[in-house]
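Asker: Here the protein sequences come in this chain order: A and B. All the letters of the first sequence, read from the start, carry residue numbers 1 to 84 under this note's numbering. All the letters of the second sequence, read from the start, carry residue numbers 1 to 207 under this note's numbering.
No wet-lab data here; the hints were simulated from the structure. Hints may contain errors.
Claimed, not checked - Below, simulated BS3-like cross-link-like pairs (lysine-lysine); rule was C-alpha separation at most 25 angstroms, straight line:
hint, chain 1, residue 1, chain 2, residue 2
1, B, Lys66, B, Lys34
2, B, Lys66, B, Lys31
3, B, Lys66, A, Lys53
4, A, Lys58, B, Lys34
5, B, Lys69, B, Lys5
6, A, Lys64, A, Lys53
7, B, Lys200, B, Lys11
8, B, Lys5, B, Lys43
9, A, Lys84, A, Lys66
10, B, Lys5, A, Lys53
11, B, Lys101, B, Lys34
12, B, Lys5, B, Lys101
13, B, Lys84, B, Lys11
14, B, Lys101, A, Lys84
15, B, Lys202, B, Lys31
16, B, Lys158, B, Lys66
17, A, Lys66, B, Lys46
18, B, Lys11, B, Lys151
19, B, Lys93, B, Lys66
20, A, Lys53, B, Lys46
21, A, Lys58, B, Lys93
Listed below are the residues making up each chain.
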Amino acid sequence: MDKLIEELKVEIIEALNLEDMEPEDIDINEPLFGDGLGLDSIDALELIVLLEKNYGIKVEDPKKGKEIFASVKTMAEYITAHQK
Amino acid sequence: MQEIKHVYIAKSCLFVNGQLVLKGENSIFVKYLKEVYKHTDIKYSKYFKMDPLSKLGFLAAEVLLKDMKCSESPERNGIILENKVSTYLVDVKHQVTINDKENYFPSPANFVYTLPNVMTGEICIRHGFKGENAVFVNEAFDAEFVCQYIKSMYEADKVDMLIGGFVDADEDEYEAFMFFTEKDNVSELDAKMIEDLYLKSKSQAEE
């Protein structure tokens with residue numbers, strides 16, 4: 001799980017062009033949206049693409065997005081539970 | 001007559017009113033833009049998500065509007081630009097992600113920038129402009145057209161301040177020319193003068 005979390009941080013920084021950030025700047029429990037990293041709706045779509053492209057996981061129910069993308073940790077947990 | 005404030009960015013050079021203010025250490029377009037971003041001394045995280053064209057326009061506007069007074073009414077400020085290759089760089093980037101039907105992953109973050117007026121939108125969001133804003137695709141900067149458009153906006157009493165200019169980013173070349181106009185000084189706005197400022201800036205950057 002720790003390795004996956006570190007990979008995810010790098011992928012998020014790259015996919016979302018967070019050029020000023022380093023992986024260690026991201027707290028794994030910090031909210032990705034709102035007060036945390038301050039991501040927006042386009043970023044949310046980008047994260048959905050990231051899950052599908054890099055992990056083969058399709059988010060079928062958009063309502064689950066809030067739960068899945070709550071933090072890096074919840075994303076990693078979702079990937080671990082759903083990766084084939 | 002006071003000279004119209006103008007900014008020019010090309011060939012790793014930033015000019016303000018014809019004075020070189022930042023000669024870049026890096027000749028690579030996006031890396032030079034990062035130098036300009038640092039030079040402006042702003043913190044605007046959304047900048048990093050923009051496509052190269054929007055970054056270029058955004059930075060030119062940032063430098064142009066420094067210490068300038070815009071109208072206090074958002075609806076009375078606007079921007080009219082021209083551009084040659086539209087959003088070619090991000091269009092290509094987007095196309096690469098959708099070429100292969102077996103590996104079809106269009107990037108939403110790229111797709112949203114595949115219109116040149118998103119660049120003016122970014123500038124308007126940053127500075128709170130809600131007045132006229134448009135980008136016209138043209139073969140080259142047409143000072144006559146832009147000045148005529150700006151004058152018609154003032155004559156119709158639609159705005160109090162308008163930025164005019166040309167912002168373009170191709171694989172090999174990039175160029176941003178922006179100038180600041182106000183309704184109160186519209187009589188000083190002359191297409192020949194604007195064209196001369198543009199050509200002078202261009203030739204300075206090429207030296």
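Asker: Can you confirm whether the C-alpha distance between lysine 69(B) and lysine 5(B) stays at or below 25 angstroms?
Answerer: 12 angstroms, holds
Asker: Between lysine 66(B) and lysine 34(B), is the straight-line Cα distance small enough, at 25 angstroms or below?
Answerer: Distance ~18 angstroms between lysine 66(B) and lysine 34(B) Cα, so the pair holds.
Asker: Keeping to a limit of 25 angstroms between CA atoms, is the pair of lysine 5(B) and lysine 101(B) held or broken?
Answerer: It is violated: about 49 angstroms lies between the C-alpha atoms, which goes past 25 angstroms.
Asker: Taking only the CA atoms, is the gap from lysine 58(A) to lysine 93(B) under or equal to 25 angstroms?
Answerer: Between lysine 58(A) and lysine 93(B) the Cα gap is close to 23 angstroms, so the pair holds against 25 angstroms.
Asker: Hey, lysine 53(A) versus lysine 46(B), does the alpha-carbon distance stay inside 25 angstroms?
Answerer: 24 angstroms, holds
Asker: Lysine 5(B) and lysine 43(B): Cα distance at most 25 angstroms?
Answerer: 24 angstroms, holds
Asker: Verify the proposed pairing of lysine 202(B) with lysine 31(B), using a straight-line Cα cut of 25 angstroms.
Answerer: Measuring from Cα to Cα gives roughly 20 angstroms; hence the hint holds.
Asker: Within a Cα-Cα threshold of 25 angstroms, do lysine 158(B) and lysine 66(B) meet the stated pairing?
Answerer: 23 angstroms, holds
Asker: Holds or violated: lysine 66(A) and lysine 46(B), Cα atoms, limit 25 angstroms.
Answerer: With Cα atoms ~22 angstroms apart, lysine 66(A) and lysine 46(B) stay inside 25 angstroms; holds.
Asker: Please work out if lysine 66(B) and lysine 31(B) have their alpha carbons no farther apart than 25 angstroms.
Answerer: 22 angstroms, holds
Asker: Going straight from one Cα to the other, do lysine 58(A) and lysine 34(B) come out at no more than 25 angstroms?
Answerer: With a Cα-Cα distance of about 35 angstroms, the restraint between lysine 58(A) and lysine 34(B) is violated, given a limit of 25 angstroms.
Asker: Holds or violated: lysine 84(A) with lysine 66(A), Cα cutoff 25 angstroms?
Answerer: 22 angstroms, holds
Of the numbered hints stated above, those contradicted by the structure are hints 3, 4, 10, 11, 12, 18, 19, listed in ascending order.
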